[in-house]
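Residue numbers (my numbering), protein chains in the order written: chain A, 1 to 632; chain B, 1 to 100; chain C, 1 to 168; chain D, 1 to 474.
If a hint is listed, it holds; no wrong ones were tucked in.
Below, a list of computed lysine-lysine pairs in the DSS-like style, where the Cα atoms sit at most 27 angstroms apart:
(1) B:Lys86 - B:Lys99
(2) A:Lys592 - D:Lys432
(3) D:Lys362 - A:Lys168
(4) D:Lys429 - A:Lys595
(5) A:Lys460 - A:Lys115
(6) B:Lys5 - A:Lys630
Covered stretches of chain A (in silico footprint by chain C; criterion: 3 or more residues with CB under 8 angstroms from a CB of chain C, positions within the stretch not fixed):
(7) 613–620
(8) 624–631
It should be emphasised that the hints constitute simulated quantities derived from the structure, not laboratory data. We treat Cβ as the ideally placed atom computed from N, Cα and C, and that holds for glycine.
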Amino acid sequence: MNSTLLNSVLFVVLFPVFGSLFVGIAGKWLKKPLAGIIASCSVGLSFVISVFTFFSLIKLPPDLRFFDKVFFQWVPVGHFLVNFGFYVDPLSLLMIMVVSSVSFVIHLYSIGYMKDEEHFSRYFSYLNLFVASMLLLVLADNFLLLFMGWEGVGLCSYLLIGFWFHKKSAADAGRKAFIINRIGDFGFLLGILLIYHTFKSLNYNVVFSNAPLILSHGSGIATAITLLLFMGAVGKSAQLPLYVWLPDAMEGPTPVSALIHAATMVTAGVYMVARTHVLYQLSPVSMGVVAFVGIITAFYSASIGMVQFDIKRILAYSTISQLGYMFLGVGVAAYSAGIFHLMSHAFFKALLFLCAGSIMHASAGETDLRKLSGLRKYLPVTFWTMVIGALSLSGFPGTAGFFSKDDILAHAYVTPYYGKFLWGLGIITAALTSFYIFRMIFIVFWGDKQKESHPHESPKIMTFPLIILALLAIIGGYVGLPESNLIHRFLSPVFLGTAVLSSNVELKTIMVSLVFSLGGIATAWYFYLVNPSLPESMKKKAAGLYKLLLNKYFVDEIYERIFVLPGRKLSSFFADVFDAKYIDGAVNETGKWIKTNSEQWRKIHTGYLRNYALIILIGGILLLGFLMTKIH
Amino acid sequence: MIPIKLYLVLSGVLFVIGTSGVLVRKNVLVMLMSVEIMLNAVNLAFVSFARYMMLPKGQVYVFFSITVAAAEVIVGLAIIISIFHKKESMDVDDMNVLKG
Amino acid sequence: MGLIIFLILGILSVFTAIAVVVEKRPVYSALYFIANLVVLSLIYLTLHSEFLAVVQVLIYAGAVMVLFLFVIMMMPPVVENRFGKMSFQKFLIMPLLLIFLFELVYVLSCGLYASAGKSPSSLSFENFGGIVSLGQLLFKRYLVPFEITSLILLVAIIGAVYLRRSEQ
Amino acid sequence: MFSYLFMPIIIVVFTGLLVLLYDVLAVNVRKEHLLFISLAGLIISTLYSAILWGLPFSFMKGMLVSDNFSIIFSVFFLLSSAFILLISYTYLNDNNLNVGEYYALVLFATAGMMFMASTFNLIVLYLGLELLTLPLAILICFKKGRDFSHEASLKFFILSVFSSAFFLFGIAFMFGAAGTINIAQVAGDFSTHAVISLPYLLISAGLLILGLGFKISSVPFHIWTPDVYHGAPTPVTAFLSAGAKVAGFAALIRIFFYLFPGIHLSLTEVFIVLSVITMTLGNIVAIAQRNIKRMLAYSSIAHSGYVLMVLTVFTPASISSAIFYLMVYVIANLGAFGIVLALRQKDREYIDIMHFSGLAWKRPLLAGFMAIFMLSLAGVPPTAGFMGKFYLFSVTVKNGFTGLVIAGLINSVLAAYYYLRIVYLMYMKEEKENVPVTLFPSLGVSLFILGIAAIYFGIFPSPIISLFKTTLFH
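Using the sequences and the accompanying hints, generate a full structural model.
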């Protein structure tokens with residue numbers, strides 16, 4: 001690959017940065033659509049460059065598709081240097097193509113969606129910066145630069161979720177997202193420092209090539225590093241127990257949700273695990289933790305998603321659940337499958353969110369399932385594209401989601417440790433997934449139109465992105481057909497030595513999971529179309545289960561129980577893991593505790609000069625007393 | 001010759017007495033005097049060290065210390081007078097608007 | 001003989017210092033402080049630091065304390081209630097001061113003489129505390145700090161003048 | 001004659017005298033001229049310092065030295081004083097403070113700091129400290145008509161003479177321990193096993209830490225900081241938080257780099273404890289503050305704690321990371337105070353944090369810079385603050401104090417709360433009260449430079465770090 005092209009990769013990140021600065025500074029003077037167009041173009045250009053890079057990369061033989069392009073020396077830490085450089089390889093290239101393409105589409109959509117917004121240019125400025133941070137995160141060639149992008153997306157999500165800050169809930173949700181992410185980042189940064197401590201470098205090449213030499217398989221340090229890194233991923237990718245910010249992140253504008261859920265931010269954790277798979281390979285414990293956290297999150301949030309009534313909330317839980325799948329994938333060493341699912345999820349989840357935005361646009365911002373119905377006739381484009389998205393999500397044959405999800409499940413199946421359990425939970429989750437998404441589709445689009453509403457299809461600038469994404473949500477899967485599996489071949493140089501499946505196993509598992517997901521759709525169809533009274537009677541019959549799910553597993557009640565019956569160790573564990581309230585409560589309690597302390601400690605500063613002198617004297621006495629003990 | 005220990009102990013005692021003055025008194029002027037006692041105690045330590053090691057430079061330090069003490073007193077008194085003009089009080093306990 | 005003189009002077013200096021602290025009227029505190037300074041200058045004499053003894057009396061007792069007295073005269077006479085609002089401090093002060101005193105005295109009397117033998121120079125007492133030797137040091141080796149003290153005094157003067165001027 | 005090596009200090013002192021003379025003697029004193037003269041002096045002195053880079057020299061066995069360490073810190077002091085003068089210009093006019101004395105005192109204090117950074121001799125250090133403290137005490141009560149500044153000044157003055165008595169006692173102990181107060185010589189004697197009294201040296205180190213701990217506001221010697229920062233005129237607060245604190249660190253590093261090898265076992269523990277309690281107290285109490293100046297006071301206490309973290313071991317790497325961190329901190333802190341100075345009309349200041357509500361809509365650029373400074377203080381990338389913290393933490397890990405780094409990380413999570421509250425208020429709240437903004441050219445330019453620097457050093461820190469890593473003490 002020629003160096004000009006490699007140099008131009010810098011502009012993949014720089015274009016959105018410039019776009020953000022320009023739109024942010026000159027925003028006052030830009031007419032409304034113009035700011036959006038400039039912002040969209042800057043992301044579009046990034047996409048163009050990544051495509052060019054892609055085509056020149058695949059011309060090379062697979063072994064030579066790795067470039068570590070250093071732009072300048074960034075920071076000398078101790079005796080070792082951290083460079084500002086980009087790592088161009090199939091993995092990062094695939095990621096930037098997905099990120100920039102999906103973001104571009106979302107930018108376009110936003111021009112229509114936000115056209116009445118007062119702070120139009122500010123919105124696009126943040127959006128561009130968000131994309132730039134994500135691209136930086138993906139392209140970084142060392143952990144420090146990765147962290148910079150990592151924090152950047154955190155900051156931008158804070159600004160964007162709280163974009164409608166005059167809504168208190170929005171501002172609070174923004175803060176919550178940021179603070180929860182900071183908790184994860186605490187572990188992540190510690191992990192980075194530990195890497196530096198162990199390898200004396202933060203560069204990927206150095207770390208990954210030395211990792212098998214320095215760390216033995218299953219060593220404690222490898223486990224510590226990977227678990228700390230995973231702590232960051234849990235925060236950023238909204239896994240148990242740090243997922244609580246994501247459902248609240250709905251408070252931002254809908255395209256922002258699409259961006260957060262599909263292309264940027266939450267997938268960062270999956271990418272990071274895949275990127276550092278060399279380290280994870282060294283620690284079976286961490287791999288197990290990743291897989292289990294993933295599948296349990298997937299199941300947990302899918303089951304919650306079944307009974308929610310807010311469209312965006314359903315989609316949020318769906319994202320958490322799908323991210324769980326991705327972590328399951330990377331946790332069972334099926335890295336390319338995980339990344340493949342990341343990609344197809346990016347397409348269909350962006351599609352679903354934008355459709356949800358289109359529904360809101362059509363029905364004056366309504367997101368409650370109980371108040372929406374019969375929109376099929378009025379929103380034809382939205383309807384068809386959303387159905388495609390839903391099919392893809394539920395893994396309907398021929399869609400992207402079908403291939404990617406089954407790829408993961410097949411790998412889980414052959415995992416030696418608890419593989420069958422992971423797989424079993426995975427296909428049950430698949431059934432739940434197709435149920436909740438089609439429940440939503442059937443309720444929203446079938447039935448009679450609500451009175452007094454005048455739904456209307458969205459403008460072209462919004463439907464066009466839907467169509468593009470719908471196409472991608474279908475054809476995106478064909479890069480991963482079980483037999484040819486282009487994506488696997490493309491990524492295989494990155495993930496050397498990972499498992500390859502026999503197509504026999506794959507076919508077997510596909511069949512089973514197909515039955516489950518079709519079953520889910522059929523159940524939804526039966527419940528909500530054929531026999532609409534059934535859900536009500538079911539609700540009565542299985543009142544316990546329904547209530548359990550509606551109340552998000554009765555976390556409060558379980559919590560009560562723990563204190564009432566302290567003997568129930570197991571339920572205590574579940575409550576710890578499951579309890580959103582508990583986690584929220586912990587965060588709030590800690591905050592309160594610190595504030596109380598803060599008020600207490602400030603009382604030391606009494607304002608009396610003589611007290612101050614006394615405190616200095618006490619400090620001196622302690623200091624001298626300590627040093628006196630050292631005299632001998 | 002008198003043991004140097006005695007001088008040093010005397011210096012330590014004077015230093016502590018000076019410290020106690022800062023802690024006990026409410027009158028700013030006396031607080032300032034107490035600080036001066038502390039500085040004097042240090043000077044005594046300097047001189048006795050100098051004398052016992054026969055290093056005259058120890059006395060030079062005392063010379064500087066005295067000069068600085070004089071400058072401190074000038075500034076301190078200027079501040080005290082301007083406070084007095086405002087509040088008609090020498091009591092440090094009257095000055096606790098700033099706290100927390 | 002020397003010891004007795006020292007003991008008398010030492011007791012006097014401790015007594016006057018305590019008097020400065022406990023005396024309720026600032027004027028008396030100031031007078032006791034002057035006495036304390038004079039006693040200290042006598043102690044300097046026992047250490048053969050004649051020049052410093054003179055400087056002590058001239059600058060401290062002569063100049064600084066006169067300033068103090070001036071200021072005290074300007075103020076209305078007050079008799080203070082020493083602890084005021086902070087009675088809890090009263091209970092802390094004594095034990096803390098005793099601990100502090102113990103620390104200082106313990107350290108001061110334990111690590112001694114280590115370096116005394118380092119350069120037992122053959123200086124005579126004449127050369128030790130006399131004006132010639134100090135002058136030599138002050139204006140040759142210690143020229144830099146000497147210049148800094150002049151700056152410090154300048155700053156003090158500027159400050160005092162400005163603060164007075166800004167009152168009017 | 002060697003004096004040309006000390007020209008930077010001499011220039012500063014003479015500029016101070018010149019300003020005074022001009023103010024007194026000139027017929028029509030134009031206030032801008034005072035600023036111009038002072039700035040010219042500071043800048044010439046900076047340039048002169050830069051010329052001396054790499055020409056180590058010591059005068060009278062270290063009575064005064066000019067080495068890379070002293071030059072770096074001198075340039076720090078000079079530039080931060082220059083920024084202080086720039087950001088305070090119309091503040092002075094509006095408060096009737098624009099007089100020659102102000103400039104002269106700032107310049108003399110700067111000279112004091114430079115003395116502190118460029119000597120091996122403790123008595124010169126002490127005199128430098130006093131040359132810094134006395135002008136500060138006067139500057140703190142420079143403002144007329146408000147109770148606050150007098151109270152602050154008195155507290156600062158009494159407590160600083162109190163603590164400097166301890167410091168002087170520490171010097172006396174050093175003299176008793178080694179027969180010299182030249183720290184390089186003490187260190188040399190120590191390494192050649194010459195007779196040195198260890199107890200005296202230890203106690204001396206303790207008392208010196210007390211005296212300098214007061215200047216750098218390390219807990220529990222920080223106790224004066226919040227009140228004084230609150231009560232002092234805002235430019236002087238900025239001066240205290242930037243120059244005075246860094247000068248304390250310069251002296252601390254210089255002294256303990258030499259004393260350390262002899263008594264490190266004891267000192268490491270002392271610095272660990274000081275570091276942890278300093279950052280924890282600073283961060284926790286900052287959360288409860290409603291007044292931006294007090295909040296920044298506690299934040300500056302916390303930042304001292306971070307720097308102390310790396311001074312548990314005095315290696316070249318830890319010193320260079322400390323210097324870099326101090327630089328980053330000073331940039332962000334000066335910027336923050338500059339913005340506090342901008343929220344003002346005539347002599348009325350708006351220093352409640354609620355006054356920042358909705359600033360982003362009214363003055364987007366100003367709010368953007370404030371956000372940069374706050375993020376830099378909180379240590380969020382890509383600002384310089386992050387780079388400083390990262391460098392600091394990684395050196396500390398390398399020195400083997402992982403627990404300390406965990407404490408530091410927990411603290412920086414805490415700190416994010418109150419720094420981001422400002423960002424939150426600016427961007428996510430409606431304006432409550434009409435807060436006027438007084439932005440004048442010199443303040444605007446300074447904020448711009450500082451803001452750019454806060455980003456620049458986050459993205460391109462390597463040239464300046466490698467500069468700091470060049471042999472400092474030669």
